[in-house]
Amino acid sequence: NAGVMQNPRHLVRRRGQEARLRCSPMKGHSHVYWYRQLPEEGLKFMVYLQKENIIDESGMPKERFSAEFPKEGPSILRIQQVVRGDSAAYFCASSPRTENIQYFGAGTRLSVL
Amino acid sequence: GEDVEQSLFLSVREGDSSVINCTYTDSSSTYLYWYKQEPGAGLQLLTYIFSNMDMKQDQRLTVLLNKKDKHLSLRIADTQTGDSAIYFCAESRSNFNKFYFGSGTKLNVKP
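Sequence lines, in order, name chains A and B.
Every position in the first sequence, counted from 1, becomes a number in the working numbering once 72 is added.
Every position in the second sequence, counted from 1, becomes a number in the working numbering once 666 is added.
One chain only, chain A, in its complex shape:
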């Protein structure tokens, strides 16, 4: 059973470009969570999704950021018009249902030049 898969592992974008980060949850998991880790800091919750639904987006910046988890395919975190302050590691986690364990992927490290 493969773990949570994130790609790409590293992503470089210039200011103003778009960044798309993908997350495939563990097999059988229908709940996906995105977190952001700024340098030297802990992880901060961004958004919680179930298939085709955003359940909690209280940690998402109001502009430029969006997330989806379609019926088929991976969850996507999309950042439009990236700025240098978006440089961070973005982690995805999944769980099979609302339970007490989240399994994390290896993260996507976004660098904005």
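One should not assume that every hint holds.
Stated by the list, open to error - Here are the computed lysine to aspartate or glutamate pairs in the EDC-like style, where the Cα-Cα straight-line distance is at most 16 Å:
id, chain 1, residue 1, chain 2, residue 2
1, B, K736, B, D669
2, A, K116, A, E129
3, A, K123, A, E144
4, B, K702, A, E112
5, A, K116, B, E671
6, A, K116, B, E680
7, B, K702, A, E113
8, B, K772, B, D749
9, B, K776, B, E680
10, B, K772, B, E671
11, B, K772, A, E112
12, B, K772, A, E113
Hints listed in this document are in silico derivations from the structure and should not be mistaken for laboratory results.
Add chain B to chain A, keeping to what the hints say.
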């Protein structure tokens, strides 16, 4: 202020015990977790404890929870160089939807 706080660094010698501490503020915390992050890697769940427990032991790891003081600790017995990593404390609340993480404690194990 931060919901979950940890000291930033800990240095121990190989073979000694390591104790990593964490404090949290929310009394509705239901589960508390310890994750390990090696350089460039994701988070590996080490152990977790339900909030109505005081202690949990798993091989070299011992978790102690003082709910009154909102204090959590992770003890690693016989620390090895492979234990060098950043250790994150995290908590979940009644809805489990989001975890709240500390800033991480960087453990350095000297040979």
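Status of each hint after checking the structure:
Distance hint between K736 of chain B and D669 of chain B is fulfilled; the C-alpha atoms sit about 11 Å from each other, no more than 16 Å. The hinted pair formed by K116 of chain A and E129 of chain A meets the criterion: a straight-line CA distance of about 12 Å does not exceed 16 Å. Using a Cα cut-off of 16 Å, the hinted pair K123 of chain A and E144 of chain A holds, with the two alpha carbons roughly 8 Å apart. Between K702 of chain B and E112 of chain A the alpha-carbon distance is near 15 Å, which keeps this suggested pair within the 16 Å criterion.
At roughly 13 Å between alpha-carbon atoms, K116 of chain A and E671 of chain B fall within 16 Å of each other, so this suggested pair holds. Taking the CA atoms of K116 of chain A and E680 of chain B, the gap is near 32 Å; set against the 16 Å cutoff, the hint is violated. Annotation: proposed proximity of K702 of chain B to E113 of chain A holds, straight-line Cα distance about 14 Å (limit 16 Å). The straight-line distance between the Cα atoms of K772 of chain B and D749 of chain B is roughly 10 Å, inside the 16 Å bound, and the hint therefore holds.
At most 16 Å may separate the alpha-carbon atoms for a hinted pair to count; K776 of chain B and E680 of chain B meet this at roughly 6 Å. Annotation: proposed proximity of K772 of chain B to E671 of chain B holds, straight-line Cα distance about 13 Å (limit 16 Å). Proximity of K772 of chain B to E112 of chain A is assessed by CA-CA distance (about 10 Å); at most 16 Å being required, the pair is judged to hold. Simply put, K772 of chain B and E113 of chain A have alpha-carbon atoms about 11 Å apart, close enough for the 16 Å limit, and the pair holds.
Going down the numbered hints, you'll see the structure goes against just number 6.
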